[in-house]
Amino acid sequence: MRGRTSADGEFEECAAGDGWAAVVRGAASLLRRHGRLAVTGPWGAGKSTLLEALAERAPVQEGVTPRRCLWVTAQEGDADVRYGALVQLLSAAEANGCEGGTPPRPQDRASASAGAGDPELEVDPSGGSSGSRRPPTTAAVQLLRHIAAPSPSHRLTLRLALTRMFSEGPPLLLVIDGAQWLDPDSADLIGYALRTVPPAQLGALVAERTSGRPPVAAALLGGHPAVFPVPPADLTETAATCARIGLPVRWAAAVHRHCGGHRALLDAWVRHGSARAPTPGATAAPAVPSGMTVGLSPAPPRQVRELAAAWLASVPSDVVETLQVAALAGTCDVDLLRHSGRRRAEDHLSHAFDAGLLLADQDRDRGQGQGQAQAHGAPYRFAATALADAAAATVSHDRRTAIHRALAACSHGPVARALHAALAQETPDPVVAEETAYAATLAHAAGERPRAAQLLLLAARLTPADRPRVRLERFAAAAEQAAAAGSAALTRRAADRIMAEHGTRAQRVHALLAVVDATGQDTAGARPLLATARRVAADDPELLAAVELRAAVQANISGEDHAGALHHAEAAAALAVRARNSPLEAAALTMTARMRRVLGRVDAAATVLDRALSLAVPPARLGVRNSPQYLAARHAVFDARPAEARALLLQLLPVAEESGESEDLVDLWRSLAEVDAGRGACGDALRWADRAVDLTAAAGLSPGPAWYTAALAQACGGRHDRALHFAAHAVRASREEEDALHTARGLWVLGATLLHTGRVASAAAALAEVAELESRSGAADPTVLRWQGDAVEAFALSGRTREAQGLLETMQERVGPHPAHAALRAALTRARALRRHLDGAGDEAAELLTDAAEVFARLGLPVEEGRTHLLRGRVERRRRRAAAARAAWETARSLFSDAEAHPWSALAEDHLSHLTGRAPGQLLTEHELRLAELVRTGATNQEAAQQMFISVKTVETVLSRVYRKLGIRSRTQLAAALTA
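Per the working numbering, the very first residue in the sequence shown carries number 1; after that it's consecutive.
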């Protein structure tokens, strides 16, 4: 097992950088700015948890007078209890010692005679009572106790008593949870107090269950309060939550899709799902939910299903019935629902939307489309797959059959019609089975691999028992389609049927290999499957070739035995030749070339790759990521030939888009992001990376590779904090799946970003682990992952000079004059220049940096060229050559600006501002200063964007640049810096 390293504290901090903490920070910022805040969201959004987090901050907020908190928690049915919320509030005030002040004087009342004859209400003109003096809380409670039906004058007395209590006591924060259930009398009195007492004395947090404008909270807080809709948990928050209790990170996408980011459902999953976490190497498949849900893995705990059902039960029964049809239809298309018999479908869907059960379809996350198929024009979608499952599960068998028959008759396309006809068919039927299988071919042609797999499974089930060959062929095709879609659960279902029904040797081997393909980067789960497949294949050269090829892929991913991976690949190629299978031979030769390159045999790899290309097998036949054409593009990436790499990748993109294979698309988008980041198109790199992350989540693929790419793109053109966040999650996910390849890549980006943000000791620790992983793997081609220059710089800056020098000497032996090594040679030259700079040899360092910059310019790598000029400026400044330093940093700034390399532009601006010695406010442009002043006064990013007529994304970019220029990291520091 890997021990804890010195970088792990920094790693954990980076992984926890967003998610719930960011939600709390955003709400706290609004509360500080306005003093009062309405918190909204549907059931399960996390409103109560957010109120608790904000209330905990109330006594300790920096620069704010400490406040005590008074809580009012309303529940369903409380609206019928007159003054129930007020009694709760006053009781809390007495318990917390907040009853300071004096009772109202007679002249404060509308009628001096209102309390005549009641000893509890008689007070003298000086403000003291005829008996003992009582604080206003006591007076108010006694008032409520003795008057069953308060008159208008008594209501006024209550208003004055409550207002005086809030006004004359210590500063308070009133926290109301469940405002939608407040009784009207209490709401009237509390609202009057909030309108009368200023926010500095009486702050307020009001949570209301709604997906739109909060009518009750708005009335309490004056009509137009600041509103904070609680956003759903994102994928990385879900992954971090899973990791905290030991659930596999690979489950995060399925959990996120099922819970829809709703924290009540997520909390139920993590509390009750931890016992379901598989042990390392386990291969048993979880159960697959029934109904229309496509291959979710793992199965949700019972408590999640019960919570989702309870949420559904919160709306009228006729709305639930419409939602049941929508769940079985797989779409909230209004016309379809009407034609199937739900005449008030539009009203029912609108009601469900208001209850938070549905979301507007235009708000769909880009990567969340494969969980529920949506017909064109459907205005809504289920807020969580759990809700669709719960709706479908509550339909009786007979009604379910009737609904599917109705949907088969009115669905818009042949695929949907065939699907519902198959689901309505209860017994085997060769005609329905044939129609279903044909619909699967249409779905495949449209790139809908999960739907094709589902249809093929249905077609196999409906195939009569006297046609076993056709039935097994359909199960085999279903396994292939499901594996291509990345659905491990559907793949396992099909494979299990093939094994149970004694398929042919080829069918059993290919079924096992399909399950291996569906496991993605999970090498531990693949090993026993490969052993079984090898045993079943026996002496069949074609089947053995396929097994050896998968073994080579898995050995490469594990990163522990690259020589073994090469051995498996060469064996697969030889077996494919014996079997006279050209596509299999091309794939095996491609893998052989890949491993020869990893082992440093650059020219030999090119020779083998040429052989694979000469077989002229179309990429679609092999799968794009397995094709020699794709490896040729990757070699261009390794060799720092970005223009050629991009051209090759764009040629393959239409092939992947037509096939709809998720892993092919993700790999292409990831490669394009890497290329565009290098060639200075950082905005494009961020967009490719976003698409890869979204589709990875939607298809349930291993998240480590996509998160690594997102970190790389953010480090070049986004934000350093986001780069650290994604890199930390990439490392965690890849370690868990024993994917050494992407563990090393994630650690490289993590270490490099820590280096660029000044945390050199942690950077050195992360990059030292990359060196260890590469040493263990036996990889000899240093260009596959160019981490070495960053490692030398981190070692040198953190005082690990011996390691820095040792790595430089090792690289000098391994990196030769081969053109493929040009970019790495330049990076090492830059690192060597830093070493000489630290040793005081400034002249030599400047000369080395000039050489490195020229190489990067020639290769078309502007971000690397700009980095080199940044370092040259530091060298020149130490040599007291201010003009040369300024010229170097201005050159760097220009390169970064053209490349949209925003974090690097900010670094260049920072260097230039320090050189000029200007005051903090003078370092900023007029545009930046205006934004900084808005933020300093408490404006949120959204509010600043509205006032400056720019996008929120532009606000984030400019604000990051402001922070960098001023050398700060928070809004609190911004106020101090501008004041200084």
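I should point out that these hints are in silico values taken from the structure, not numbers from a laboratory. Remember, it's a predicted structure, so these values are computed and weren't measured experimentally. Treat the hints with care, as some may be off.
What the hints assert, rightly or not - Restraint-style ranges between C-beta atoms, simulated for each label pair: (1) Gly758 with Val577: 50 to 58 Å; (2) Arg880 with Glu644: 38 to 46 Å; (3) Ile245 with Arg578: 30 to 38 Å; (4) Ala616 with Glu644: 16 to 24 Å.
Backbone N, C-alpha and C define an ideal beta-carbon position, used for all residues, glycine too.
Exercise. Taking the CB of glycine 758 and the CB of valine 577, does the distance hold inside 50 to 58 Å?
Worked result: Between glycine 758 and valine 577, where Cβ atoms are some 55 Å apart, the hint holds.
Exercise. Could one say that the CB atoms of alanine 616 and glutamate 644 fall in the range 16 to 24 Å?
Worked result: holds (20 Å)
Exercise. Given a hinted range of 30 to 38 Å, is it respected by the beta-carbon distance of isoleucine 245 and arginine 578?
Worked result: violated (50 Å)
Problem set entry | Beta-carbon spacing of arginine 880 to glutamate 644 - inside the hinted bounds 38 to 46 Å or not | Roughly 43 Å apart at Cβ, these two residues keep to the hinted range, so it holds.
Of the numbered hints given earlier, the model fails hint 3 alone.
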